[in-house]
Amino acid sequence: MTRETLRILYFYSGIAVDSTSTVLQTPEQVKIIMTDAIRVYPPKPRKVYFYGTCLIDLFYPDAGLAGVQLLEREGIEVVFPQNQTCCGQPAYTSGYHDEARAVAASQLGLFPDDWPIVVPSGSCGGMMRKHYPDLFRGTPQADSANAVAGRVWELTDFLLNVCHIKLDDLGEPTTVALHTSCSARREMGVADVGPRLLDQLKNVTRVEQARPEECCGFGGTFAVRHPEISGAMVTDKVESMITAGAPEFVTTDCGCLMNIAGCAEKAERPLTGQHILSFLWQRVSTPAPGNDDGAQS
Amino acid sequence: MNQPSQHPHSVVQEFHPRAREALANPQIRANFRKAMDGLMTKRQTAFEGWELEALRDLGANIRQRALSKLPDLLEQLEANLTANGVQVHWANDGDEACQIIRDICVAREAKKVIKGKSMVSEEMELNHYLEAQGIEALESDLGEYIVQLAEETPSHIIMPAIHKNTTEISDLLHDKTGTERSHDVNYLTASARQQLREKFMQADVGVSGVNFAVAETGTLCLVENEGNGRMTTTAPACHIAVTGIEKVLEKLDDVPPLLALLTRSATGQHITTYFNMISRPRQPGEQDGPEAVHLVLVDNGRSSIYQDNELLETLRCIRCGACMNHCPVYTRVGGHTYGTTYPGPIGSILMPHLLGLDETQHMPTASSLCGACGEVCPVKIPIPDLLVRLRRESVDGDKLRVSEVRGHGVKRRRVESLAWLGWQWMHSRPQLYRLGTAVSARLRALVPQKLGAWTRYRSAPRLAPQTLHQMMQKRTPTAANTSQQPHREATR
Amino acid sequence: MSAREQILQRLRERRDGPVPEVPASLTTSMVRDWSAAEKLDRFQQLMESVHGEVHRTSATDWIDTLADVLEKRGARNLLIPRLHDIGAQILASDHPGLPELLHYDAPIEDWRPTLFNDVDAAVTSTRGAIAETGTLIVWPTADEPRLMSLVPPVHIAILEADQIFSTFQEAIALQNWASRMPTNALLVSGPSKTADIEQTLAYGVHGPKELIVIVVGAD
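Chains as they are written, first to last, in the working numbering: chain F, 1 to 297; chain X, 1 to 492; chain S, 1 to 219.
A few of these clues could be false.
Here are the computed lysine to aspartate or glutamate pairs in the EDC-like style, where the Cα-Cα straight-line distance is at most 20 Å [said to hold, decoys possible]:
| no. | chain 1 | residue 1 | chain 2 | residue 2 |
| --- | --- | --- | --- | --- |
| 1 | F | K130 | X | E310 |
| 2 | X | K69 | S | E13 |
| 3 | X | K199 | X | D175 |
| 4 | S | K209 | X | D175 |
| 5 | X | K251 | S | D16 |
| 6 | X | K399 | S | E21 |
| 7 | X | K450 | F | E74 |
| 8 | F | K130 | X | D385 |
If you want a taste of the chain F side facing chain X, the calculated C-beta under 10 Å gives, among others [as the list claims (entries may be wrong)]:
| no. | residue |
| --- | --- |
| 9 | C54 |
| 10 | L58 |
| 11 | N161 |
| 12 | C163 |
| 13 | D168 |
| 14 | E172 |
| 15 | T175 |
| 16 | R186 |
| 17 | P227 |
Output of the computed footprint for chain X on chain F, the stretches with three or more beta carbons under 8 Å from beta carbons of chain X [stated by the list, open to error]:
| no. | region |
| --- | --- |
| 18 | 60–71 |
| 19 | 102–116 |
| 20 | 194–206 |
| 21 | 253–262 |
| 22 | 271–284 |
Treat the hints as calculated values from the structure; they're not laboratory data.
Ideal Cβ positions, reconstructed from N, Cα and C, are used throughout, including at glycine.
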């Protein structure tokens with residue numbers, strides 16, 4: 001049969017770069033159009049800054065704590081700047097960029113040393129990594145914003161690809177579905193991380209719902225501006241997980257968690273959920289019934 | 001389903017009712033879900049074995065390069081087409097473009113116009129205009145023909161009649177053309193062929209769109225499966241092509257990668273049945289083809305998009321519709337709900353420029369910013385970023401950046417602005433934030449169980465008994481917890 | 001000021017200044033490494049996947065195949081080119097299996113109803129094919145006008161086996177299209193089709209219901 005491979009040759013300044021064999025060394029000018037540069041994972045650091053996010057702070061602190069404990073389990077010292085509040089994303093996506101910038105500016109100084117900044121959310125991570133540079137472009141804080149952006153990592157990605165975490169499953173056999181948030185999937189590009197972490201757990205059966213890559217309908221203010229559309233989306237998401245045979249789901253972002261679990265609860269459907277970090281921590285830590293840090297659904 | 005009103009203000013107000021209506025209509029829901037699922041799968045299959053990211057980079061590069069030289073390329077296109085014997089016209093807006101086409105028809109004493117698929121002509125509302133002038137304008141693309149018979153507008157830019165099922169189409173053809181009712185798609189298609197062939201034989205003028213206009217050679221390229229485009233551009237004595245000014249490409253060599261991206265992204269086809277490249281009217285000795293070929297270049301808001309480096313990327317669009325096929329919002333509410341010529345994600349970043357943000361204010365918010373559109377766009381238009389840009393302009397939300405889109409600031413409301421200002425005030429004062437969140441956690445039992453739109457479909461979120469800040473402060477394992485130390489002042 | 005001048009002025013006097021240049025030195029080319037046999041296989045496979053019919057013939061027996069194809073469909077007549085070599089060969093063959101032979105040698109205005117209603121099939125030459133997509137390259141001429149491959153319900157295309165290119169880009173380059181484009185150049189990949197009624201495929205909606213490719217020199 002005929003060979004399917006298509007090679008695309010880039011000619012830059014007379015040098016041909018074959019896309020099948022070479023990682024493109026993108027010259028500055030070419031970056032206007034080229035895909036985001038491939039991100040190189042650093043060696044495991046001694047210390048990290050932990051940016052907890054406001055949803056975790058208020059509604060799911062157990063997930064944040066689980067993330068801290070997983071990092072500490074890897075021998076990393078976790079610094080939690082107490083002056084953290086919010087990354088500014090809610091105002092940013094609503095168009096209120098002055099307000100977003102003011103709040104974000106108050107966060108830029110929280111990470112004085114050159115440690116990575118880990119965020120247990122693709123959405124807040126995406127805001128800091130991808131949108132801070134745009135938000136501060138042309139302002140005196142531009143350099144500082146770019147520096148922060150360059151050090152931001154989504155936490156599960158960091159655990160898997162920087163810490164090379166090994167998860168020994170101590171839990172009872174169970175079945176879960178995974179919902180990777182759209183921002184983790186598309187802004188942070190870590191769609192493969194959740195499955196790879198869950199697949200390390202020997203007593204956990206991961207089932208895949210129909211259209212796993214489709215948005216759950218949260219979208220921040222979208223959920224309240226367009227309640228009917230958002231409601232239809234989240235209802236479909238809940239049903240797809242139940243149909244896949246999952247009594248429980250895990251997700252990488254608290255917005256999705258609040259949305260999907262809240263919908264299942266309201267509709268009295270047999271589906272509970274938790275943040276993937278809470279789930280992972282429970283699987284690897286000694287089972288302790290009645291633990292305060294236990295899961296919320 | 002109701003048709004979008006011609007009056008844009010009601011387009012905005014009708015978005016929610018129409019969305020509710022569409023969501024409650026199992027027929028619409030099923031038609032779109034099935035169609036979009038199929039199209040997504042086909043697209044994925046079509047790109048198997050391809051280095052899609054590299055190809056998308058290339059597509060974006062070609063389109064951006066053309067835009068970077070747009071005025072020069074338009075002049076080159078005009079010069080080469082003119083040398084080839086094609087007459088080139090320029091129109092500032094849809095009305096001017098309609099008048100140009102009317103004038104050509106009048107000069108030829110043309111009474112019957114047959115049309116190939118053209119979204120720009122939808123944008124111009126050409127059919128209504130010509131009919132008001134006593135000139136018959138008949139759509140010949142089967143989907144467009146169906147939509148025209150139903151007195152509707154397209155619900156998808158590639159598949160105009162995707163909202164209808166076979167029964168509805170069979171009933172429509174029966175009522176309007178006397179075709180016998182049937183569920184046999186081959187029969188219905190054959191019957192339309194018969195009717196439209198008569199029309200092709202009688203038509204005085206053919207009007208088509210253009211997918212790519214190649215400046216280097218003066219060539220108009222049309223992508224299609226049915227052959228109605230070839231018929232429209234060959235059978236009548238006069239062919240008028242109409243296109244947006246952004247559709248120009250620099251070189252013939254730019255065509256193959258874009259064609260590969262377009263058909264695979266749109267319908268998952270390796271290539272469409274026909275790729276039709278027209279460079280001249282009928283030459284001496286040739287036995288068919290139109291004796292006159294015209295190209296109408298339509299601006300209609302595009303040059304204002306062109307003013308801004310960020311917004312400019314909108315103009316890279318090659319109208320494949322992949323963003324719609326992958327949009328979870330579009331999939332659920334369908335194209336008519338948006339009430340605009342271009343629906344879905346591309347519509348939401350394009351229409352505000354064509355009609356003004358005041359008349360399209362529902363569009364930038366009708367997205368969860370999930371990013372599926374940007375991920376599949378064959379020319380890498382950062383659609384989610386542009387949606388955020390338009391949201392920002394809707395509320396004039398950035399003192400450091402100018403708002404440039406007509407109707408900007410339309411959604412700025414005192415109450416909402418104050419709310420965000422309050423949010424800013426609390427979240428940029430860490431001590432206040434900690435105090436406020438700690439108090440909220442303490443008083444969590446007082447949080448109401450009904451939170452407006454949120455709790456219509458979900459239970460209310462429950463505040464945790466302690467915040468993460470509190471938990472972390474109480475913990476000992478991490479000695480370097482910096483809570484008590486003053487921070488270096490943020491660079492201000 | 002004319003609309004032309006107004007539009008060009010708006011484009012030239014951009015608020016953000018000139019559009020950042022996109023490096024002209026960044027060009028690309030899509031390369032396929034296929035042998036002649038692989039190209040023909042791939043062409044056939046893809047053409048058949050879109051409902052096209054492909055026959056491999058030798059330089060001597062292709063007219064037999066042509067006659068066969070027409071007989072199976074009960075074609076009453078066949079439109080052929082007058083000047084192109086394939087037309088000359090068909091005429092010279094005097095093949096008994098061929099139906100009445102017609103030429104498109106008058107302007108369409110003189111015989112439109114006949115062409116639309118009474119011609120059963122047409123045979124045209126091609127300028128080659130594209131393996132990657134299963135596509136024929138058709139350049140209509142005065143001898144093989146544009147409607148010839150569009151209006152009759154059966155279009156038979158003659159393809160020289162050694163004229164199959166890997167990609168569209170390769171065809172454009174090797175045949176030097178950019179130096180002069182014809183009045184009309186076409187890529188044809190299968191018979192006319194539509195999926196506008198509930199995504200169900202139906203063939204022959206406007207153009208030919210059948211596309212038959214006779215590959216000559218494929219023995």
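Quick rundown of the hints versus the structure:
1. Our distance criterion of 20 Å between C-alpha atoms is met by F:K130 and X:E310, whose separation comes to about 15 Å.
2. Annotation: proposed proximity of X:K69 to S:E13 holds, straight-line Cα distance about 13 Å (limit 20 Å).
3. The straight-line distance between the Cα atoms of X:K199 and X:D175 is roughly 19 Å, inside the 20 Å bound, and the hint therefore holds.
4. The straight-line distance between the Cα atoms of S:K209 and X:D175 is roughly 27 Å, outside the 20 Å bound, and the hint therefore fails.
5. Under the criterion of a C-alpha separation no larger than 20 Å, the hint pairing X:K251 with S:D16 is inconsistent with the structure, at around 26 Å.
6. For a cut-off of 20 Å, the pair hint linking X:K399 to S:E21 is broken: about 29 Å separates their Cα positions.
7. Distance hint between X:K450 and F:E74 is unfulfilled; the C-alpha atoms sit about 42 Å from each other, more than 20 Å.
8. A threshold of 20 Å between alpha carbons decides the hint, and for F:K130 with X:D385 the separation of about 10 Å falls inside it, so the pair holds.
9. Because the smallest distance between the Cβ of F:C54 and any Cβ of chain X comes to about 8 Å, under 10 Å, the interface hint for this residue holds.
10. For F:L58, the interface hint holds, the least distance from its beta-carbon to any beta-carbon of chain X being 6 Å, beneath 10 Å.
11. Proximity of F:N161 to chain X is violated relative to the hint, the smallest CB-CB distance being about 20 Å (cut-off 10 Å).
12. Annotation: F:C163 was flagged as interfacial toward chain X, and the flag is violated, the nearest CB pair being 16 Å apart, outside 10 Å.
13. Of the supplied interface hints, the one on F:D168 is violated, with its beta-carbon coming no nearer than about 20 Å to a beta-carbon of chain X, more than 10 Å.
14. Because the smallest distance between the Cβ of F:E172 and any Cβ of chain X comes to about 25 Å, over 10 Å, the interface hint for this residue is violated.
15. Proximity of F:T175 to chain X is violated relative to the hint, the smallest CB-CB distance being about 23 Å (cut-off 10 Å).
16. Checking F:R186 against chain X: minimum C-beta separation of about 4 Å stays under 10 Å; hint holds.
17. Hint status for F:P227: holds, given a least beta-carbon distance of 4 Å to chain X, under 10 Å.
18. For the region 60–71 of chain F, the assignment as covered by chain X holds, since 6 residues bring a beta-carbon within under 8 Å of that chain's beta-carbons and 3 suffice.
19. With a threshold of 8 Å between beta carbons, the proposed coverage of the region 102–116 of chain F by chain X holds, since 9 of its residues qualify and at least three are required.
20. By the rule of at least three residues with a Cβ nearer than 8 Å to a Cβ of chain X, the coverage given for the region 194–206 of chain F is violated, with 0 such residues.
21. Only when three residues or more bring their CB closer than 8 Å to a CB of chain X does the claim for the region 253–262 of chain F stand; here the count is 3, and the claim holds.
22. Only residues whose beta carbon comes within less than 8 Å of a beta carbon in chain X count, and the region 271–284 of chain F has 0; fewer than three means the coverage is violated.
The structure fails to meet hints 4, 5, 6, 7, 11, 12, 13, 14, 15, 20 and 22 from the earlier list, while all remaining hints are met.
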